[in-house]
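J.: Here's the letter readout for the chains.
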Amino acid sequence: MTVSSSLLAQKKDDILARWFELTLATYAPETAVLWKKQKDRFANPVAYRFKTGMTGVLDEMVKSSETPTAAVFEPHLDEIVRVRAVQDFTPAQAVAFIYLLKQACRDTLWKDVSENGRFTELFELESRIDVLGLICLDIYCKCREKLFQIRIDQINTQYSRLLKRAGLVCDFAPEAPES
Amino acid sequence: MAKYPPPEELIKINYSTPPTSWMDVPPEFKPGNFSYPGKPDILKYLGLPNPRVWSPTDDDWKLPENWKEIITEGFRERLEKYRSFKIFMDVCVRCGACADKCHFFIGGGDPKNMPVLRAELLRSIYRGDFTMAGKILGRLAGARKLEIDVVKEWFLYFYQCTECRRCSLFCPYGIDTAEITMMARELLTLVGCNINWILEPAANCNRTGNHLGIQPHAYKDMMEFLAEDIETVTGVKVNPSVNRKGAEILFITPSGDIFADPGIYTYMGYMILFEYLGIDYTWSTYASEGGNFGLFTSDTMMKKLNAKMYHEAKRLGVKWILGGECGHMWRVINQYMLTMNGPADFLETPVSPITGTKFDAAAGTKMLHITEFTADLIKNNKLKLDPYRNANFKVTYHDSCNTARGMGLLEEPRYVIKNVVPEFYEMPDNAIREQTFCCGGGAGLNNEEFTETRLRGGLPRGNAVKYVRDTHGVNTLACICAIDRATLPPLCNYWAPGVGVCGVHELVGNALILDGEKKRTMDLRQNPLPGFEDEEEE
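From first to last, the protein sequence lines are chains A and B. Letter by letter, the first sequence follows residues 2 to 180 in my numbering. Letter by letter, the second sequence follows residues 762 to 1299 in my numbering.
Treat the hints with care, since some could be wrong.
[What the hints assert, rightly or not] Short, incomplete list of chain A residues facing chain B, as computed with Cβ under 10 Å: (1) Ala18; (2) Phe21; (3) Ala33; (4) Ala44; (5) Tyr49; (6) Lys52; (7) Thr56; (8) Gly57; (9) Ser128; (10) Arg129.
[As the list claims (entries may be wrong)] Calculated lysine-lysine pairs in the DSBU-like style (CA-CA distance at most 35 Å, straight line): (11) Lys147(A) <-> Lys1006(B); (12) Lys1065(B) <-> Lys873(B); (13) Lys143(A) <-> Lys981(B); (14) Lys981(B) <-> Lys52(A); (15) Lys147(A) <-> Lys906(B); (16) Lys873(B) <-> Lys143(A); (17) Lys37(A) <-> Lys805(B); (18) Lys1065(B) <-> Lys147(A); (19) Lys37(A) <-> Lys791(B); (20) Lys1006(B) <-> Lys38(A); (21) Lys847(B) <-> Lys147(A); (22) Lys1140(B) <-> Lys147(A); (23) Lys981(B) <-> Lys847(B); (24) Lys37(A) <-> Lys913(B); (25) Lys1155(B) <-> Lys40(A); (26) Lys873(B) <-> Lys52(A); (27) Lys1006(B) <-> Lys981(B); (28) Lys981(B) <-> Lys40(A); (29) Lys1006(B) <-> Lys143(A); (30) Lys1155(B) <-> Lys143(A); (31) Lys847(B) <-> Lys143(A); (32) Lys1280(B) <-> Lys38(A); (33) Lys1064(B) <-> Lys38(A); (34) Lys791(B) <-> Lys40(A); (35) Lys147(A) <-> Lys1064(B); (36) Lys147(A) <-> Lys37(A); (37) Lys906(B) <-> Lys38(A); (38) Lys805(B) <-> Lys1155(B); (39) Lys1179(B) <-> Lys37(A); (40) Lys873(B) <-> Lys40(A).
None of these hints come from the bench; they were simulated from the model. Everything numeric in this text was worked out from a predicted model, so none of it was measured. No residue lacks a Cβ here, since even glycine has one placed at the ideal position from N, Cα and C.
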């Protein structure tokens, strides 16, 4: 375990709780109350996916202090970004949750960091979170591209068969199987 | 040691929504959160008020000058006409049981998609205009004035309700939120605010009998095309009859299934089943639509479009009507048809010509659901089935909101599926049967421009599908609704990639062993059957 990982490891659960709370605060207060209360993963998939994704991210962050890679972090971040990519957010708002991890870390670790001068570790940790932000941006774009592809596909399946039936488009399929 | 500023000063960002009251948050229209408005030509054809070109993103919606009176009068008229509506307006105690039950709220988190708050958009006006307390106390009594933003808000949120009625299941008073949405949509229609995806199919239906405007010869052409595909797969030529007078049974199914992928395979499944049974039945090119977009427009439109079913049954002189896999078609049949267009005393209670079973549950409407019909055949050992042909599919079942909550059809589709596939897995209890989650496309919201919001509302369903995909390797989501077959593929593509969608009778068509069929090597989609993958490549 390297330096910033050890910093993170000592208060992982507190950071997780704080990060989750800060992220839910990006929704209307009425919504945040209900989403905090309902624990069933099928009745409340947003909170479930957020908790699962956040836990995964923090576990990986503790495991290694290497620069985060998409291969390791994408599955965890996808749990969160995929949801926020189709919610009523601007692109910036959708991925802003990752910077709330910085806030959660500072809120939780500040005393230890300032009293013991562990700033280098905090900077390192925050730099890694910046990289997570870039991975989030990629995931967000993939989700949006998928959304647009889905819209195109819908138009295609709606009309292509009708056009073919109506004989309005040419069909290159062979009339009979070639011998 | 130097003092460092506290963290909240270092990172001064407030991402949270400003905590203003919902009454003060104006509606915001953005691409993806609304459906396109009705085209003027369509409104004129249907005789609906205020036809014009407009967009929800415009400031001026070009409402009639006296729009306030029109809505207030329309409100009063409906409160007098429907006792249920008045009770629904009065009785809610805002207990919140429904609050987190709507799929759009669960996936999106917009408080105005909490069913209680969505209804409150209407109820607040009711209080202000029709109750003494509201008139005197105003906002204190939860009342507000009818302003232009209120109309905009109604348009946004009552067209973000799929009338799936999941919230009603949890309401201790049994308030039917779908009926509240219906009333709001009727009021909006009075001032010319409605959506084209609903009105154009309704207009088409009025003219040709189906949503797509397919004319009789084209409908028959498509059937023949599908019959050719069936011959390619099975080697058997099926001979469906069309518009035949004197047949015993009239079969009615949604038109979406005759052209749209993957609905056509369900359609082929019906054709194969009927050929196998050799029953005396006919399709109709006039009653060529099970769906009824009048349900999402107004009671008069619903009644008019529904009337063709009995009308055509009478014209053809059939004994009873068999209905295909459709969602809201069955809500209309089960809840409104008898009142609107019954009694159908020229028809008989459905009796299966193969098993002799009399379906008393259908004695009122004289219309039987195809899965009840097929389940009875299987129960009586009348079908030769080879479930192994469906062995490539690990199947789960999505209850359509309308058949599950609107008519209580829960066991029959499952019974049929379990008999035609080797592997079936249920999704979790709170995501199926009466508690099923909507596909997000009901009540006329299955249009392309609404995809983003529909995916948002599709999260609860997608989440449950993903769960069975990950735990059991499920790769197929079966359903009995044409709108599901259109909206679930993109939903799965986004939330649970790798899961395909099919109708129940597509699976039946694959498994059914026809007399004189050739050795089957492929399924109805012309994909290789298990064990024949290599032959395909040769």
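J.: When you check the alpha-carbon spacing of Lys1065(B) and Lys147(A), does it fall within 35 Å?
T.: The given pair, whose Cα atoms are some 40 Å apart, is violated under the 35 Å limit.
J.: Do the alpha carbons of Lys791(B) and Lys40(A) lie within 35 Å of each other, as the hint requires?
T.: holds, 32 Å
J.: Below or equal to 35 Å on CA atoms is what counts here, so check Lys847(B) against Lys147(A).
T.: violated, 44 Å
J.: Hint check: is the beta carbon of Phe21(A) less than 10 Å from a beta carbon of chain B?
T.: violated, 14 Å
J.: If you take the shortest Cβ to Cβ gap from Ala44(A) to chain B, is it below 10 Å?
T.: Interface hint status for Ala44(A): holds (6 Å vs cutoff 10 Å).
J.: CA of Lys1064(B) to CA of Lys38(A), is that 35 Å or under?
T.: violated, 43 Å
J.: Do the alpha carbons of Lys1006(B) and Lys143(A) lie within 35 Å of each other, as the hint requires?
T.: Between Lys1006(B) and Lys143(A) the Cα gap is close to 55 Å, so the pair fails against 35 Å, i.e. violated.
J.: Keeping to a limit of 35 Å between CA atoms, is the pair of Lys1006(B) and Lys38(A) held or broken?
T.: violated, 60 Å
J.: Please verify whether Lys847(B) and Lys143(A) have alpha carbons no more than 35 Å apart.
T.: violated, 48 Å
J.: Per the CB criterion, is Gly57(A) less than 10 Å away from chain B?
T.: violated, 15 Å
J.: Hey, Lys37(A) versus Lys805(B), does the alpha-carbon distance stay inside 35 Å?
T.: violated, 49 Å
J.: Against the 35 Å threshold, does the CA-CA distance of Lys143(A) and Lys981(B) hold or violate the hint?
T.: Violated, because 42 Å separates the two Cα atoms, which is more than 35 Å.
In summary, the structure is inconsistent with hints 1, 2, 6, 7, 8, 9, 10, 11, 13, 14, 15, 17, 18, 20, 21, 22, 23, 28, 29, 31, 32, 33, 35, 38, 39 from the numbered list given earlier, while agreeing with the others.
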